[in-house]
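Asker: Based on the sequences and whatever the hints tell you, model everything.
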Amino acid sequence: MKIAIIPARGGSKRIPRKNAKSFFGVPMIARTIHLTLDSGLFDHVVVSTDDIEIANIARQAGADIPFIRPLDLADDLTPTVPVVAHAVQSCNELGWDVTYACCIYPCVPLLDIKDIAAALNMALVKDADFVYPVTEYAHPVQRAMRRSEIGQMSLYSPQYEMARTQDLEKSFHDAGLFYWGKASAWLAHKKMHTAGLGMPIPHWRVVDIDNEDDWRRAELLFKAMQPQE
Numbered sequence: 001m002k003i004a005i006i007p008a009r010g011g012s013k014r015i016p017r018k019n020a021k022s023f024f025g026v027p028m029i030a031r032t033i034h035l036t037l038d039s040g041l042f043d044h045v046v047v048s049t050d051d052i053e054i055a056n057i058a059r060q061a062g063a064d065i066p067f068i069r070p071l072d073l074a075d076d077l078t079p080t081v082p083v084v085a086h087a088v089q090s091c092n093e094l095g096w097d098v099t100y101a102c103c104i105y106p107c108v109p110l111l112d113i114k115d116i117a118a119a120l121n122m123a124l125v126k127d128a129d130f131v132y133p134v135t136e137y138a139h140p141v142q143r144a145m146r147r148s149e150i151g152q153m154s155l156y157s158p159q160y161e162m163a164r165t166q167d168l169e170k171s172f173h174d175a176g177l178f179y180w181g182k183a184s185a186w187l188a189h190k191k192m193h194t195a196g197l198g199m200p201i202p203h204w205r206v207v208d209i210d211n212e213d214d215w216r217r218a219e220l221l222f223k224a225m226q227p228q229e
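The sequence shown begins at 1 in the working numbering and counts up one residue at a time.
These are computed hints drawn from the structure, not numbers from a lab.
Here are the computed lysine to aspartate or glutamate pairs in the DMTMM-like style, where the Cα-Cα straight-line distance is at most 20 Å: (1) Lys-223 / Glu-212; (2) Lys-182 / Asp-43; (3) Lys-2 / Asp-127.
Answerer: Below is the structure:
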């Protein structure tokens with residue numbers, strides 16, 4: 001059985017109530033649930049939350065709420081893996097026999113169903129513990145700089161100061177969208193990044209919504225990607 005797990009706690013600090021906030025007239029998490037259901041890839045779409053309002057929104061959008069997330073897994077410092085592991089274990093206790101679980105973050109309005117399907121295919125073909133989308137840094141990390149209080153700039157890696165950017169090795173970062181994983185890998189609390197395979201996607205389709213500027217950028221990108229009438 002393949003399930004989607006959408007972790008959506010209620011205590012967002014930088015954007016209050018981010019998961020329930022309206023995005024073009026629809027609660028953000030509801031958009032993600034609709035897309036996930038429309039993919040046809042999952043036997044169940046589960047939302048893991050500690051928040052009653054979010055649970056009600058998720059249920060109305062068609063998701064399953066088979067449990068309420070424990071408070072000790074819903075604070076600012078709780079990482080993703082134990083949250084998903086708890087969800088997988090809870091679902092297995094219902095008799096679901098989960099084989100693969102895809103953790104999909106709730107605030108991903110640029111999520112593409114084709115990426116979810118491609119990552120699953122990659123996981124199955126390569127028998128990978130995890131597969132998740134990555135994107136290339138817009139500028140070579142070897143040329144990253146620090147700025148002092150007076151504005152003085154210096155390179156983290158001075159040996160690359162005179163290197164041409166096109167000659168430097170490409171580097172990637174987690175796109176922050178979703179993670180396919182074997183149920184056994186989640187339950188073993190394996191590190192999804194280093195135990196997983198990366199699937200490159202274009203960086204123009206990636207926006208990590210952490211603050212109001214990110215939200216506005218997501219709105220602009222989402223609007224620009226809609227079909228023109």
